[in-house]
Amino acid sequence: MEQTKNPQMFCFQCEQTMACQGCTGLAGVCGKPAEVAGLQDQLTGALIALCRTADGCPGDLVHGAGAEQGSAAGGEDGICTTGRLILEGLFTTITNVNFNAATVQDLVDAVHGQKERLAAACGREGEPDYDMGRIWQGNEDIRSLKSLLLFGLRGMAAYAHHAWVLGFADHGIMHFFRDALCALGDEGTADTLLPLVLQAGAVNLRCMELLDKANTETYGDPVPATVPLTIEKGPFIVVTGHDLHDLKMLLEQTAGKGINIYTHGEMLPAHAYPELHKYPHLKGNFGTAWQNQRKEFAGIPAPVLFTTNCLMPPLPSYRDRVFTTGVVSFPGAVHIGEEGAEALGRGKTGPHKDFTPVIEKALELGGYPEDQARTGINGGTQVTTGFGHHFVLDHAGDIVAAVKAGKIRHFFLVGGCDGAKPGRSYYTDFVKQTPADSIVLTLACGKYRFNDLDLGTVAGFPRLMDIGQCNDAYSAIRIATALAEAFGCGVNDLPLSFVLSWYEQKAVCILLTLLHLGIRNILLGPSLPAFVSPNVLQILADQYRIAPISTPEADLRKLLGKKV
857 MEQTKNPQMF CFQCEQTMAC QGCTGLAGVC GKPAEVAGLQ DQLTGALIAL CRTADGCPGD
917 LVHGAGAEQG SAAGGEDGIC TTGRLILEGL FTTITNVNFN AATVQDLVDA VHGQKERLAA
977 ACGREGEPDY DMGRIWQGNE DIRSLKSLLL FGLRGMAAYA HHAWVLGFAD HGIMHFFRDA
1037 LCALGDEGTA DTLLPLVLQA GAVNLRCMEL LDKANTETYG DPVPATVPLT IEKGPFIVVT
1097 GHDLHDLKML LEQTAGKGIN IYTHGEMLPA HAYPELHKYP HLKGNFGTAW QNQRKEFAGI
1157 PAPVLFTTNC LMPPLPSYRD RVFTTGVVSF PGAVHIGEEG AEALGRGKTG PHKDFTPVIE
1217 KALELGGYPE DQARTGINGG TQVTTGFGHH FVLDHAGDIV AAVKAGKIRH FFLVGGCDGA
1277 KPGRSYYTDF VKQTPADSIV LTLACGKYRF NDLDLGTVAG FPRLMDIGQC NDAYSAIRIA
1337 TALAEAFGCG VNDLPLSFVL SWYEQKAVCI LLTLLHLGIR NILLGPSLPA FVSPNVLQIL
1397 ADQYRIAPIS TPEADLRKLL GKKV
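For what it's worth, the numbering used here labels the leading residue of the sequence shown as 857, then goes sequentially.
I should point out that these hints are in silico values taken from the structure, not numbers from a laboratory.
Any given hint could be a false lead.
What the hints assert, rightly or not - In silico lysine to aspartate or glutamate, DMTMM-like type, Cα no more than 20 Å apart, as pairs:
(1) K1260 <-> E1341
(2) K1209 <-> D1398
(3) K1104 <-> E1152
(4) K1089 <-> E1073
(5) K1209 <-> E1108
(6) K1209 <-> D1308
(7) K1263 <-> D1250
(8) K1069 <-> E1131
(9) K1139 <-> D1176
(10) K1113 <-> E1088
(11) K1089 <-> E1226
(12) K1134 <-> E1108
(13) K1151 <-> E1131
(14) K1089 <-> D1227
(15) K1134 <-> E1152
(16) K1113 <-> E1226
(17) K1139 <-> D1308
(18) K1277 <-> D1250
(19) K1151 <-> D1293
(20) K1414 <-> D1349
(21) K1263 <-> D1349
(22) K1209 <-> D1227
(23) K1104 <-> E1195
(24) K1134 <-> E1073
(25) K1104 <-> D1227
(26) K1139 <-> E1226
(27) K1089 <-> E1216
(28) K1089 <-> D1250
(29) K1288 <-> D1254
(30) K1260 <-> D1349
(31) K1104 <-> E1131
(32) K1414 <-> E1226
As the list claims (entries may be wrong) - Estimated spans, in silico, between C-beta atoms of each pair:
(33) D1047 <-> L1171: 18 to 28 Å
(34) G1316 <-> Q864: 54 to 64 Å
(35) A1338 <-> P1318: 16 to 26 Å
(36) K1414 <-> G1316: 45 to 55 Å
These numbers were taken from a predicted model, which means no experiment stands behind them.
Every residue, glycine too, gets a C-beta built ideally from N, C-alpha and C.
Based on the sequences and whatever the hints tell you, model everything.
Quick look at the structure:
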């Protein structure tokens, strides 16, 4: 399809893409209009041109030439205008983030303006925008590798953006964004692109480590917490997405106003951070995973604040109470913008936002007249979170002793994105059937398939441990490498299995990190990515033995054949 001439779209970046081939009509399965899909391609092509122009100019994407790796960078806001546009532009193109043609066009215009300023400062012509149709219509295997790289960059940009908001930036990470985007505009071969794809996994590991450091230095080390699902009577606000800084500002601005705050989706792990948990009006968690929002938000007597994905086109019954912020945008929704940023550094806040419109809407709607008893999808009335690497490593000696004593036979990492496909019930059934002498580690929104189950304990530890958000895959990696060191073996030799679900681009960058680390025998579902060609899939299968899920029974038999 000729993207520059045909108003219909082409997009195959998410798991629910039409017929596992690609969305090509007037709108995607996610609800994204063809116009927005085309503008997001234009934005990506403009970012490639910006990076090619910046690559030929002196200067840095991170302010402060002396900034240390992993520390808050100096300068006005930690990342220069070019760097910030790269992060915001890539973040904007993640699935279920932006449905608004006007705001995407504004970003395209901003990228063009910055490119021209850079070119003028360097005394040269700016590079022309790259036509993304050259990738979509090109060689199948090159398209596959470039898609893996691009979608991985989009996911990683979200993590880098969250770290930046807390005052943390890294030279090497930002320069990789520039170099990788430049490479997308080159012809490339399988021999040059495959190493770059794996390098993206390595850089994403650094990015997740940086975000982990930013979160823990800002909010404290996560502590296991039990979170109720009951919604108390009175005014309340639901906060969804991933941005903990937005939640912190909202908690501060609602303190003492008689308004309760409830997390939703990937915000659940916020309850484990001491500097967020200390607010008494952070009451609990509302609902389940993102794909159920149209049912769960219907007629809700409270506003919902979307800080990041996943936003679905809202129904009329609650459209007037949807608020967006950051890079999230939907036509007609009230957007909470920034009011300037302080100089970012450790302990400094990011861009300030005034959530008064959200607060006023909560008071106007008034909430429920009586407490509402809610449950998870399996009937549970509470969930737990906060079992990150700090907790697990503090108890590593006891865990290792329990494994050596035969009390703990196996660990399963069952996590990733949730979605609407019926086949995702596999993950509920899988967890239910795990043996009583095993531990299930989980993360991201895929956990809502089973996180309200009571699996009991083993060797004094909960059998189900929620590590946190999707970016807390870093915690899972820390746990795995620590156990491998304790047993004197490689991660692939541990009684540990990875059973992953995917939906959008952050799952892609995490998968690339696992491949970079040499993790083998990953089971992936509910379907394999449409953008992975048969030849590239064969490489992954041959080198990493990655495979699709089958049935819980068959997969458990296969995985439990692993020994210590």
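Hint check:
Restraint check: the Cα-Cα separation between K1260 and E1341 comes to about 14 Å, which is no more than 20 Å; the hinted pair holds. For the hint linking K1209 to D1398, the alpha-carbon distance of about 49 Å lies beyond 20 Å, and the restraint is violated. Restraint check for K1104 and E1152: not satisfied, since their Cα atoms lie roughly 24 Å apart, outside the 20 Å limit. A threshold of 20 Å between alpha carbons decides the hint, and for K1089 with E1073 the separation of about 34 Å lies outside it, so the pair is violated.
Our distance criterion of 20 Å between C-alpha atoms is met by K1209 and E1108, whose separation comes to about 11 Å. With a C-alpha separation of about 34 Å, the suggested pairing of K1209 with D1308 is violated against the 20 Å cut-off. For a cut-off of 20 Å, the pair hint linking K1263 to D1250 stands: about 19 Å separates their Cα positions. About 15 Å separates the Cα atoms of K1069 and E1131, which keeps this hinted pair within 20 Å; it holds.
Straight-line distance between C-alpha atoms of K1139 and D1176 comes to about 24 Å, which puts the hinted pair past the 20 Å bound. Between K1113 and E1088 the alpha-carbon distance is near 15 Å, which keeps this suggested pair within the 20 Å criterion. For a cut-off of 20 Å, the pair hint linking K1089 to E1226 stands: about 5 Å separates their Cα positions. Between K1134 and E1108 the CA atoms are separated by roughly 11 Å; this keeps the pair inside 20 Å, and the hint holds.
For the proposed pair K1151 and E1131, the alpha carbon gap of about 32 Å is over 20 Å, so the pair is violated. Restraint check for K1089 and D1227: satisfied, since their Cα atoms lie roughly 5 Å apart, inside the 20 Å limit. For a cut-off of 20 Å, the pair hint linking K1134 to E1152 is broken: about 27 Å separates their Cα positions. A distance of roughly 19 Å separates the Cα atoms of K1113 and E1226; the hinted pair therefore holds under the 20 Å criterion.
For a cut-off of 20 Å, the pair hint linking K1139 to D1308 stands: about 17 Å separates their Cα positions. A C-alpha spacing of about 38 Å is found between K1277 and D1250, which places the hinted pair above 20 Å, so the restraint is violated. For the hint linking K1151 to D1293, the alpha-carbon distance of about 37 Å lies beyond 20 Å, and the restraint is violated. The hinted pair formed by K1414 and D1349 meets the criterion: a straight-line CA distance of about 15 Å does not exceed 20 Å.
Between K1263 and D1349, the direct Cα distance comes to roughly 18 Å. Compliance with the 20 Å bound is thereby established for this hinted pair. The suggested pairing of K1209 with D1227 is violated, with an alpha-carbon distance near 30 Å, which exceeds 20 Å. Distance restraint check for K1104 and E1195: the Cα-Cα separation of roughly 16 Å lies within the 20 Å cut-off, and the hinted pair is therefore satisfied. For the given pair, K1134 sits about 16 Å from E1073 by alpha-carbon distance, which is consistent with the 20 Å threshold.
Restraint check for K1104 and D1227: not satisfied, since their Cα atoms lie roughly 25 Å apart, outside the 20 Å limit. Between the alpha carbons of K1139 and E1226 the distance comes to roughly 15 Å, so the proposed pair stays at or under 20 Å and holds. Between K1089 and E1216, the direct Cα distance comes to roughly 17 Å. Compliance with the 20 Å bound is thereby established for this hinted pair. Between K1089 and D1250, the direct Cα distance comes to roughly 38 Å. Violation of the 20 Å bound is thereby established for this hinted pair.
Restraint check: the Cα-Cα separation between K1288 and D1254 comes to about 25 Å, which exceeds 20 Å; the hinted pair is violated. Of the pairs offered as hints, the one joining K1260 and D1349 holds, with about 14 Å between alpha carbons and a cut-off of 20 Å not exceeded. Between K1104 and E1131 the CA atoms are separated by roughly 8 Å; this keeps the pair inside 20 Å, and the hint holds. For the hint linking K1414 to E1226, the alpha-carbon distance of about 49 Å lies beyond 20 Å, and the restraint is violated.
Look at D1047 against L1171: about 49 Å separates their beta carbons, and that is not inside 18 to 28 Å. Distance hint check for G1316 and Q864: the Cβ-Cβ separation is about 58 Å, which falls inside the suggested range of 54 to 64 Å. Range check, A1338 to P1318: about 18 Å between beta-carbon atoms, so the 16 to 26 Å window is met. For K1414 and G1316, the hinted distance range of 45 to 55 Å is not satisfied, since their beta carbons lie about 29 Å from each other.
Against the hints set out earlier in the document, violations occur for numbers 2, 3, 4, 6, 9, 13, 15, 18, 19, 22, 25, 28, 29, 32, 33, 36.
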